[in-house]
Structures are given as structure tokens and as C-alpha cells.
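Q: Sequence:
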Amino acid sequence: MNAGIYNPVACYDPKKAVEKARLDERYKSLVFLWFEWKKLDHEYSAASLRVHKRIETVLSTIHHEHLNLGNAHGFLEAYRMLGYSDGTVKRDLNDIVACVNYWCKLGKVAHNPYPAIKSQLTPKKHNNKGRFTANERAIIIQSLGVNAYRDLVQFLFMTGLRPEEAIPLTWGDINFKKGLMQINKTYSKGDLRHNTKQGKKGKIVHRAYRLDKSQTDFLLRPSWEESALNEIDNALVFPSPKGTYINWGNFNKRIWKPLLTDLVALNKIRKYLKPYCMRHTAITNMIKRGDRINVIAAQVGTSIEMITKTYLISNDWWIDDDTGLDLSSYSDYISEYSK
1 MNAGIYNPVA CYDPKKAVEK ARLDERYKSL VFLWFEWKKL DHEYSAASLR VHKRIETVLS
61 TIHHEHLNLG NAHGFLEAYR MLGYSDGTVK RDLNDIVACV NYWCKLGKVA HNPYPAIKSQ
121 LTPKKHNNKG RFTANERAII IQSLGVNAYR DLVQFLFMTG LRPEEAIPLT WGDINFKKGL
181 MQINKTYSKG DLRHNTKQGK KGKIVHRAYR LDKSQTDFLL RPSWEESALN EIDNALVFPS
241 PKGTYINWGN FNKRIWKPLL TDLVALNKIR KYLKPYCMRH TAITNMIKRG DRINVIAAQV
301 GTSIEMITKT YLISNDWWID DDTGLDLSSY SDYISEYSK
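Take 1 as the starting number for the sequence shown in my numbering and just add one per residue.
Among these hints, one or two may not hold up.
Said to hold, decoys possible - Derived Cβ-Cβ restraints for the label pairs, each shown as a range:
#1 K203 - V146: 33 to 43 Å
#2 N135 - T57: 40 to 50 Å
#3 L40 - T310: 33 to 43 Å
Treat the hints as calculated values from the structure; they're not laboratory data. By construction, the Cβ of each residue, glycine as well, lies at the ideal position given by its N, Cα and C atoms.
Sequences are here, hints too, so could you generate the full structure?
A: Here you go:
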């Protein structure tokens with residue numbers, strides 16, 4: 001090779017070319033990308049680890065031709081053939097998309113094909129919108145009998161807390177002298193996080209909930225008074241019958257769903273609603289009694305915009321209300337967020 005003149009043929013190394021081609025081919029395999037991604041230093045919740053275990057079971061089951069990035073549609077059909085619902089597939093695809101995006105950013109993969117196939121999924125819609133009337137709420141609480149689940153349900157109806165926020169509450173989180181309850185952790189699917197839903201990775205978000213008289217009286221009733229006043233830090237306010245965290249999934253499946261299905265059949269309540277609708281009911285009641293929107297949002301841990309758009313602007317939210325509701329005091333919020 002003459003000095004100063006680049007000769008690509010002279011510089012060509014066939015061994016390196018073969019090795020590069022082999023590596024390039026490996027980066028077309030979802031299996032390779034996934035397990036290399038998992039080697040990185042991530043912090044996963046218990047729920048995420050369960051999802052990953054399912055994904056890895058699928059990767060070991062599906063034929064290798066469907067695991068090539070160029071055959072994303074075949075991958076989706078093979079996933080469905082294993083009997084998973086579209087809701088489950090969509091949840092799993094969130095992590096698969098994150099994995100492939102990582103390699104795209106490094107330049108190892110030219111295109112991530114998996115976001116496109118998510119549009120083909122049609123997860124079952126959950127009836128998570130609606131509210132219970134005061135009479136329905138009383139019937140549900142009474143029908144639960146006397147147990148830890150009844151106490152928790154009644155408290156959720158009163159406060160509008162998310163179930164995962166109320167389940168890990170301890171007596172040490174409640175200051176009766178100041179009338180404040182600290183919402184500083186969540187418990188869901190076996191995973192205890194010292195953060196709230198508003199908190200993200202690297203950002204801890206706690207909030208203080210101001211208790212009204214009815215909520216304080218409920219917590220200070222005679223059967224609980226000793227634990228409440230002594231504020232035993234680690235004692236759960238709503239322990240399961242075994243004294244541990246309540247398993248909300250089991251409660252929903254084994255108690256809530258059968259109970260409300262029966263109550264609907266007996267015409268004691270209008271329709272079946274998910275447990276999350278206890279939160280909708282509580283927020284609705286706060287609006288009905290005239291609480292300020294910014295106060296409601298701060299109490300339940302959401303935004304003013306969400307409160308306004310969900311409960312004030314929706315045309316059918318109050319359609320069955322027979323209390324002579326007057327929303328005129330919220331007209332400024334309705335006007336602002338209706339644009």
C-alpha cells in the first residue's frame with residue numbers, strides 16, 4: 001500500500017469480518033437482547049420480576065423463527081397462542097420495548113418493531129369508572145360482616161385513598177394531635193415501596209392527609225383506641241386475618257367480586273363496579289360537600305386537572321344524582337379545563 005493512500009482490500013481482515021457478522025446476527029435475536037439487557041444493573045420491583053419470569057418462559061417456549069426482530073408479528077401471534085390475554089401481552093411488551101430501545105440507543109439495533117404491534121392488542125376494558133350511592137356503600141359495608149376487610153373498605157370509602165396506600169398504613173403514620181396521616185409507602189402484589197404513586201425512580205414523594213372528625217372517630221373507636229393512641233410504629237392499621245399485609249388481589253377475587261355479583265343479582269346495588277370505584281365515590285362526596293378542588297387533589301394524591309376533567313366536566317358522571325347538586329362554585333375550573 002502506497003503511503004497516504006487507503007486500500008480497503010489490504011486492510012480487510014476476514015476473521016474480524018466473520019466475527020462482526022456473527023455479532024450483528026445475534027443482535028437480531030430478542031432472546032440475546034433480553035438476557036444481555038437483564039445483565040445490566042437494574043433495580044426491579046417484585047412485580048416486575050414476576051413479569052420478567054413470564055417473559056423468559058415465553059422466550060424459551062416460542063419457536064426461534066418468531067424471536068427474530070424481523071418477525072414481530074409472528075412473535076405476537078405465537079405469544080397469543082400460548083393462551084395469554086391481550087392485557088397480559090401488552091404489559092409484557094412494555095418491558096420488551098424498553099429492552100430493545102436500550103440497544104437502539106447504543107446503535108446495536110436499527111429499529112424497534114415491538115411498539116407497532118401493541119396497536120393490534122385489544123385488552124379487556126375494566127369497568128373502573130363509576131360511583132356508589134350512599135345506600136349502596138352502606139349495604140356493601142354491612143354485607144362484608146365484621147372483619148379486617150370491612151374496616152379497610154369503610155376507610156377507603158371515607159378517605160379516597162388508593163388501596164395500595166391504605167394497606168401498609170401503620171399507627172405510627174398517624175398523628176392524632178395534629179390530625180394528620182402520612183401517606184409514605186405503598187404495598188402491591190407483594191412489593192412494599194417507601195414511595196407513593198406520584199414518586200418515580202430517584203424521586204420520593206410523600207404527602208400528608210388531614211383527617212376530619214368522622215375519620216378520626218373511626219380510627220379511635222374503642223376496639224382500636226389502645227393501639228391508636230400508643231401509635232405503635234410498626235403495627236398495621238389494617239392487618240390481614242394472619243396479621244400481615246392484606247393481599248388486595250385475593251380480596252378482589254375471593255370476596256369483592258362474588259359479594260357484589262350477588263348484590264347485583266338481588267337488586268341491592270345497581271351494577272358491578274371495581275373496588276377502585278370506592279375512590280371515585282369518596283372524591284365525588286368531597287365535591288358534593290363543596291371542598292376546594294386543590295384541597296381534594298392534595299388529599300388524594302392527584303392533579304387538579306384530573307379531578308376537574310373526571311368528575312366535573314363529564315356529562316354523565318352525575319346523571320343519577322338526586323340530591324339537587326350545585327356545581328356552580330366550580331365553574332372556574334370547569335371553564336379552564338373544558339378548553
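Q: The structure should be examined with respect to each hint, and the outcome stated for every one.
A: Consistency of the hints with the structure:
1. K203 - V146: 33 to 43 Å: Cβ of K203 to Cβ of V146: about 40 Å, so the range 33 to 43 Å holds.
2. N135 - T57: 40 to 50 Å: With Cβ atoms ~47 Å apart, the hint holds.
3. L40 - T310: 33 to 43 Å: At roughly 38 Å between Cβ atoms, T310 and L40 fall inside 33 to 43 Å, so the hint holds.
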